[in-house]
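Enquirer: Listed below are the residues making up each chain.
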Amino acid sequence: MKALCWMGANKTSVETVPDPQILNPRDAIVRITSTCICGSDLHLYDGFIPTMEQGDILGHEFMGEVVETGNGINKEKLKVGDRVVVPFTIACGNCFFCQRKLWSCCENSNPNYWIAEKLMGYSPSGLFGYTHMLGGYAGGQAQYARVPFADVGPLKIPAEISDDKVIFLSDIFPTGYFGAVNCDIQPGDTVAIWGCGPVGQFAIRSAFMLGAERVIAIDRFDYRLKMAEEGGAETINYEEVDDVVQTLKEMTANIGPDSCMDAVGMEAHGNNFLAFVDRAKQMLMIETDRPTVLRQCIQACRKAGTVSVPGVYSGFADTIPMGAFMNKGLTMKTGQTHMMNYMQPLLERIQNNEIDPSFVISHRVSLDEAPEMYKTFRDKKDHCTKVVLDPWANGKAA
Amino acid sequence: MNHSEMNKPDEYDMNDSNRSDDQDSGYNSGGNWESMHNFLDALIPDDWSPSARKWVPIAAGGALALIGLSRKSAFGFTLAAAGGALAYYGSRSGETQTESVARGSVLLNCTPEEAYSRYRNFEDLPTFMKHLQSVTKIGERQYRWVARGPFEIAIQWDAEVFDEKVGESISWHSTPDSAITMEGSVRFAASPANRGTELTSVTRFDHPASDLAQTFAKLLGKDPSFLMQQDLRRFKALIETGEIPTTEGQSHGPRSAMDKAFEALDPDSSKRRESRMSETLNENWRTA
Ligand SMILES: NC(=O)c1ccc[n+]([C@@H]2O[C@H](COP(=O)([O-])OP(=O)(O)OC[C@H]3O[C@@H](n4cnc5c(N)ncnc54)[C@H](O)[C@@H]3O)[C@@H](O)[C@H]2O)c1
Ligand SMILES: [Zn+2]
Ligand SMILES: [Zn+2]
Numbered sequence: 001m002k003a004l005c006w007m008g009a010n011k012t013s014v015e016t017v018p019d020p021q022i023l024n025p026r027d028a029i030v031r032i033t034s035t036c037i038c039g040s041d042l043h044l045y046d047g048f049i050p051t052m053e054q055g056d057i058l059g060h061e062f063m064g065e066v067v068e069t070g071n072g073i074n075k076e077k078l079k080v081g082d083r084v085v086v087p088f089t090i091a092c093g094n095c096f097f098c099q100r101k102l103w104s105c106c107e108n109s110n111p112n113y114w115i116a117e118k119l120m121g122y123s124p125s126g127l128f129g130y131t132h133m134l135g136g137y138a139g140g141q142a143q144y145a146r147v148p149f150a151d152v153g154p155l156k157i158p159a160e161i162s163d164d165k166v167i168f169l170s171d172i173f174p175t176g177y178f179g180a181v182n183c184d185i186q187p188g189d190t191v192a193i194w195g196c197g198p199v200g201q202f203a204i205r206s207a208f209m210l211g212a213e214r215v216i217a218i219d220r221f222d223y224r225l226k227m228a229e230e231g232g233a234e235t236i237n238y239e240e241v242d243d244v245v246q247t248l249k250e251m252t253a254n255i256g257p258d259s260c261m262d263a264v265g266m267e268a269h270g271n272n273f274l275a276f277v278d279r280a281k282q283m284l285m286i287e288t289d290r291p292t293v294l295r296q297c298i299q300a301c302r303k304a305g306t307v308s309v310p311g312v313y314s315g316f317a318d319t320i321p322m323g324a325f326m327n328k329g330l331t332m333k334t335g336q337t338h339m340m341n342y343m344q345p346l347l348e349r350i351q352n353n354e355i356d357p358s359f360v361i362s363h364r365v366s367l368d369e370a371p372e373m374y375k376t377f378r379d380k381k382d383h384c385t386k387v388v389l390d391p392w393a394n395g396k397a398a
Numbered sequence: 399m400n401h402s403e404m405n406k407p408d409e410y411d412m413n414d415s416n417r418s419d420d421q422d423s424g425y426n427s428g429g430n431w432e433s434m435h436n437f438l439d440a441l442i443p444d445d446w447s448p449s450a451r452k453w454v455p456i457a458a459g460g461a462l463a464l465i466g467l468s469r470k471s472a473f474g475f476t477l478a479a480a481g482g483a484l485a486y487y488g489s490r491s492g493e494t495q496t497e498s499v500a501r502g503s504v505l506l507n508c509t510p511e512e513a514y515s516r517y518r519n520f521e522d523l524p525t526f527m528k529h530l531q532s533v534t535k536i537g538e539r540q541y542r543w544v545a546r547g548p549f550e551i552a553i554q555w556d557a558e559v560f561d562e563k564v565g566e567s568i569s570w571h572s573t574p575d576s577a578i579t580m581e582g583s584v585r586f587a588a589s590p591a592n593r594g595t596e597l598t599s600v601t602r603f604d605h606p607a608s609d610l611a612q613t614f615a616k617l618l619g620k621d622p623s624f625l626m627q628q629d630l631r632r633f634k635a636l637i638e639t640g641e642i643p644t645t646e647g648q649s650h651g652p653r654s655a656m657d658k659a660f661e662a663l664d665p666d667s668s669k670r671r672e673s674r675m676s677e678t679l680n681e682n683w684r685t686a
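Protein chains in written order, with the working numbering: chain X, 1 to 398; chain V, 399 to 686.
Calculated from the structure, these hints are not laboratory results.
Glycine residues also receive a C-beta, built at the ideal position from the N, C-alpha and C atoms.
Keep in mind that a hint or two might mislead.
Quick list of in silico lysine-lysine cross-link-like pairs, DSS-like style, CA-CA up to 25 angstroms [claimed, not checked]: (1) Lys118(X) / Lys658(V); (2) Lys381(X) / Lys226(X); (3) Lys333(X) / Lys249(X); (4) Lys11(X) / Lys380(X); (5) Lys2(X) / Lys658(V); (6) Lys658(V) / Lys11(X); (7) Lys528(V) / Lys118(X); (8) Lys375(X) / Lys11(X).
One side of the interface only, derived from the structure: several residues of chain V facing chain X at Cβ under 8 angstroms [to be verified]: (9) Asn507; (10) Arg631; (11) Ala635; (12) Thr645; (13) Gly647; (14) Gly651; (15) Pro652; (16) Arg653.
Start from the sequences and build out the full structure, keeping to the hints where you can.
Expert: Here it is as structure tokens:
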């Protein structure tokens, strides 16, 4: 089959590799019909997260048709021919964490848990198409994928809904929603969201679904800010203001947003002194993450408010304003998304026409064009917001 | 450690406070290790608990090594080496060299009775104990254990279950004529509020003079508790999910020559490749 492989930092290529096999009883093989490139893939592409290997198949947002199941899969749960969206977190369904619906903390899905334990104390669940520290599972930017614990994660999709409407149930729609859930939104609340990428876009819409009064979205790309406005948000282009924290103060009668969300993560762009220091440290490998946005979230949040962090961090970040965090009595909530809690309810919202997630799609191309599209998406060129890949189209079709 | 103690793993000080005696460890011959050891001894505050003395250096050393390795430069390798030494210092803090003691514990989502009966089926232990080749019943309560040592050398010992309480604990020790002297015990205790079962396991192997035992000591030298913990995690996965998670045999694109070389050297380490961070760092920094 064809698969997009990570070939080193800033290098990907489409390779012909063996078709995936069933390796465990609860595996299934999915023939992929749609797959996407995510902001999380960029952290790998840019080479910022350790434990990637040349040849790893990328991709964790995919859907398709079940073509084979292992003998441990109950046919009532999943059978050949089912059309499914596959969540990017892999969960066993029966450990301490899965039983408490903390799926992305599953104890049994990461065979390399011990590497993550060295860095984090305890290991999160395995993920598709990510680092070896998080399982090293082959990803879904390919024609087929092996899905472990296939009787737990994949969500069945009725035939009448198009791929475009449901593909984002694989990650970014639930992730934006989880980010908003973590904001602990109360009636009348103002939520400030840093990052108007796909995650930020879904977070904006989810915050309103969960009852936010106002959402203030922050980015520097006008086309993304415009999309945020279409979702009902007020916007700040942080390059056009002196100080985001001050601007937010002014916009909220000096009380501050009730919750602040970091939908940017470890590769935040910044032009102040600390951001420069972070960049230098990241180069010297003294710091792995650039927490510009996290700092602003803590600083900007109103007293006793909530900071929600769906943005991905991988290692160590310096100069976090802990004094502000402690003295203002803030709460921080974060994590890889507990996907299985949100996929079904969000599918229902799509079916009820409350939202059509396909609004974020800016590019539809063949898998062959993926290496090019990684660059376009990384550099936010060509008004790129979200890339959907067709693994079966040939060459530069779209 | 005597047998009656072996029956009560929950009373163990999980981090023996008797620090390793470097006299017979054979590791201080170069002098570097000794000075590093002394340096770290001086560095670590006296009031740290034995467990902090052990785990802080391991965690810090592990992190340093990871970061260092991901930097393919002289400085990176120095960092990695220092990290490795630090972790080694930690891992040996509390080990005695005349015996190998392995300890591990896991929380299992099942009843103590279920956990007990799965574990008691000794013949099936090799399904999750990676370094075991076979366990065969040779008498009423006696079993022959065969482990795979370095270079696939088989190592064998005979042990008998001398004490067990159904659904609670199993204890065994080597028979008098066994080539290797060892003892082991495993305990199953209900975790509060229906959290499942806490399994605690301890094994101890003597390091006597025989060649065979030396080979085995080397095998266990790869941090016996780490190996045991990995076995227990596989047992947990098997009980909770019916399978052991794996990526072995999955598809991938062409590996680099270095990855392949690493794999050939140590099949166990195939998952430890570090990202090619330095490559990125040498390239121009983009904005965003
Ligand atoms: N928690 C999870 O489970 C989960 C799942 C998916 C993605 N993520 C993470 O969410 C983050 C966003 O993903 P995405 O797909 O939307 O990525 P993206 O790269 O498309 O979007 C990031 C946006 O942040 C903006 N940005 C950069 N620096 C900023 C700053 N200083 N202030 C304000 N905005 C800034 C960029 O301009 C860009 O529009 C990533 O870190 C990704 O890894 C997390
Ligand atoms: Zn994603
Ligand atoms: Zn689980």
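Enquirer: Was the hint right that Arg631(V) lines chain X, CB cutoff 8 angstroms?
Expert: 7 angstroms, holds
Enquirer: Identify whether the interface hint at Thr645(V) stands, where standing means a beta carbon of chain X within less than 8 angstroms of its own.
Expert: Since chain X brings a Cβ to about 5 angstroms from Thr645(V), closer than 8 angstroms, the hint holds.
Enquirer: Is Lys333(X) close enough to Lys249(X), meaning Cα to Cα at most 25 angstroms?
Expert: 22 angstroms, holds
Enquirer: Against chain X, with CB atoms and a cut of 8 angstroms, does the hint on Gly651(V) hold up?
Expert: Hint holds; Gly651(V) Cβ to chain X Cβ min 3 angstroms, cut 8 angstroms.
Enquirer: Measuring from the C-beta of Arg653(V) to each C-beta in chain X, is the shortest one below 8 angstroms?
Expert: 5 angstroms, holds
Enquirer: Would you check whether Pro652(V) satisfies its interface hint, that is, whether its CB is within less than 8 angstroms of any CB in chain X?
Expert: With a minimum Cβ separation of about 5 angstroms from chain X (threshold 8 angstroms), the hint on Pro652(V) holds.
Enquirer: Was the hint right that Asn507(V) lines chain X, CB cutoff 8 angstroms?
Expert: 6 angstroms, holds
Enquirer: Are the Cα atoms of Lys118(X) and Lys658(V) separated by 25 angstroms or less?
Expert: 24 angstroms, holds
Enquirer: For the pair supplied as a hint, Lys2(X) and Lys658(V), confirm whether the alpha-carbon distance does not exceed 25 angstroms.
Expert: Between Lys2(X) and Lys658(V) the Cα gap is close to 22 angstroms, so the pair holds against 25 angstroms.
Enquirer: For the pair supplied as a hint, Lys11(X) and Lys380(X), is the alpha-carbon distance within the 25 angstroms limit?
Expert: 17 angstroms, holds
Enquirer: Given the hinted pair Lys375(X) and Lys11(X), is their Cα-Cα distance within 25 angstroms?
Expert: Holds. Lys375(X) to Lys11(X) sits at ~10 angstroms (cutoff 25 angstroms).
Enquirer: Can you confirm whether the C-alpha distance between Lys381(X) and Lys226(X) stays at or below 25 angstroms?
Expert: Given pair Lys381(X), Lys226(X) holds - Cα atoms ~16 angstroms apart, limit 25 angstroms.
Every hint from the earlier list agrees with this structure, and none is contradicted.
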